[in-house]
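Protein chains in written order, with our numbering: chain U, 1 to 406; chain B, 1001 to 1406.
Among the hints, erroneous ones may be present.
Below 20 Å or equal to it, Euclidean Cα-Cα: the simulated SDA-like pairs (lysine to any residue) are [unchecked claim]:
1) K17/U <-> K1240/B
2) K1133/B <-> S107/U
3) K1240/B <-> L136/U
Covered stretches of chain B, as calculated for chain U (at least 3 residues, CB under 8 Å) [to be verified]:
4) 1028-1037
5) 1047-1053
6) 1368-1379
Quick caveat, the hints were computed from the structure, so don't treat them as lab data.
These numbers come from a predicted model, not from an experiment.
The beta carbon of each residue, even a glycine, is placed where N, CA and C say it ideally should be.
There are 2 protein chains.
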Amino acid sequence: MTSQHPADLTDVLASKKDAFQIPEGITYLDGNSLGVLPKHVPARLGQVITEEWGTSLIRAWNTHSWIDLPARTGDRIARLIGAHKGTVVACDSTSVNVFKVLSAALSLRPGRKVILSDNGNFPTDLYVASGLKDLLGRGHELKIVDPETVRDAITDDVAVMMLTEVDYRTGRVHDMAGLTEAAHQAGALAIWDLAHSAGAIPVDLAGAKADFAVGCGYKYLNGGPGAPAFLYVAPEHQDKVTSPLTGWMGHEAPFAFDLDYRPVTGIARMTVGTPAILALSSLHAALDVFEDVDMADIRAKSVSLSELFIAEVESKCPGLELASPRDPAARGSQVSFRFAEGYAVMQALISRGVIGDFRAPDVMRFGFTPLYLSHQDVVDAVDILRDILQTESWNRPEFKTRAKVT
Amino acid sequence: MTSQHPADLTDVLASKKDAFQIPEGITYLDGNSLGVLPKHVPARLGQVITEEWGTSLIRAWNTHSWIDLPARTGDRIARLIGAHKGTVVACDSTSVNVFKVLSAALSLRPGRKVILSDNGNFPTDLYVASGLKDLLGRGHELKIVDPETVRDAITDDVAVMMLTEVDYRTGRVHDMAGLTEAAHQAGALAIWDLAHSAGAIPVDLAGAKADFAVGCGYKYLNGGPGAPAFLYVAPEHQDKVTSPLTGWMGHEAPFAFDLDYRPVTGIARMTVGTPAILALSSLHAALDVFEDVDMADIRAKSVSLSELFIAEVESKCPGLELASPRDPAARGSQVSFRFAEGYAVMQALISRGVIGDFRAPDVMRFGFTPLYLSHQDVVDAVDILRDILQTESWNRPEFKTRAKVT
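In isolation and in its complexed conformation, chain U is listed as follows (with noise of 0.2 Å):
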């Protein structure tokens, strides 16, 4: 394709798509869910590899300065999502997480019970919130409501409300600032989940007085797959909570092997076990693309791109129904339609190249990462979306089946 979409022309953040390995002939729309490869991360974790682990071995903890990499990784991310240094570490899974962060949360509201979230969560966040609840044993209800109606919902038996902000099916953003005012004039505390978020739009947990956040290192953060995830406490919060699984990276001393558990003070007694050194190297080395880009100018390239595709698919496109938010301030930094066999057309779409993802019963998602992405890609993508509509015929029965994993 040689055509140049003229959004592309004025593009600020035009160069960045030089920094990741894009494979020929895919148009990526699925950064939301696996970020693509910066191109400098092979050789730095090849580095890490072969001469911190390979030659300095046991000594690279210290020389390499292994054992502050939680720390160090998650500094670089507080200032994309508005978090002072030393309140985000990097460790574990978001799951993990959760159930840190909310048993944390639980522990600072011994005497109320509810613990309230919205069924656009992301169901893993939910799962745990339920283990968390059965583990205790001490009467907490899991409440899960619309996410229209969270507002209306927190009430003074709420303990926490936790939510993710942004829907991993829709897109729809929550009111953070708004809906964490509302927790703490209720008494409540809020725990925001960043999955979405992080690296995606602006966001600014300090100034929306969140307590607790998580959130997901190898979506919009490029990471790599399964990468650390993350986790934020407030300031004025981490010296009166600790973590349930107490583990020995959390302790003021492990190197003092002492058999009795003393938190140290600070972010780090979220983290439970040895650091992932690889696994962190990459989402380390992964942080570096953001270094100099403004979230603003991506945000605005992010909506700039979501609103081309919806005019785009829209014209070209009729029988798909938008299922994100019309108003691009409700949105995230992706957008789904509906459509009876999307499934099986997302399959006919990644095998030409444009890879999106689908999630039952029948979204399909597009994700639009304005660092690697370009307007024009847009244009293309949605002109192979629109041929695969007009040659095929979508009620065939082979396109009813649904396959699990996508």
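Position chain B against the provided structure of chain U, taking the given hints into account.
This is chain B only, laid out in the frame that chain U set:
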């Protein structure tokens, strides 16, 4: 050094040393802390990064079976620890896995309140047990006894006996089969931490009828710094227990995105978040080295190296006191010596290329990894230790300093 110890001439594992990247001029006696880099791992990991992640992107979950990597890696470890296929999974950190299996074990003995462990256990196991006990708030007691008195402490109020098979400081080995049988006779369950066992000594989890086990990927298994840990659940317990960390990877149908958690059948229910593909790939590849190795050969050479080391030290280095059991049958694959100025001596050894480590207050640890150490390495290392002890004064004030991180 050009001499060759006669025992190396008949060493059936001698050729394995070529499989590892041993830094020039280094004798590495710390594989019990961080294993050496297998030479083929950088290329394999490079392939995972640039081809699987970089080119296949999200499709690699299916096309490269990323989704099964925790189970596939677990199965490779299973062979080394006497476990059946489908009973081991590689995921999370050892600390997090201790939390999971201890919670699971306690759920099988609801009427009993004692968690029995010993003060030779690695502290993080005790911290996690203590944290879980406090979290549950159901009157559990963590009873920590001396290693020699564990058997007598298995009373009929013990719910779970949780031990590390090989003591991280002294190398002392517990009688896994005997203690497990004693626990079962008292109606208790047995959890074994194999951090210093897996890949170091023959382990027979199934034969010993162990109920649960955990272990470390970055020591004798050479999986890389902070590699994923592993976890074992005996077949008869697998469908009776759930993980307290109910993440989406343990769900029966993670990609159905149901709001309710339903644990999948089998060992996968003990997984939590998205698998750490880069870290798991390193561990999975590192295990190649063990494919054609018999653990009995590893054990025979380990004993030979350790016995030689003790004999050499005791003849050349007066003043050092053996801290490990003298009987090789009672020892894992490490030897420790006590010396008042052990920290400073270890720093001097490291500066001369002999890398062991130090554990407060006075223990110098030396690990013997039969895959990449020779008898001549042992003799040469002790010669350097003798030189250091003879040429330095170990009562100077600057040697009194203790560093926190070794």
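**Prompt:** Out of the numbered hints, which ones does the structure contradict?
**Reply:** 1 and 6
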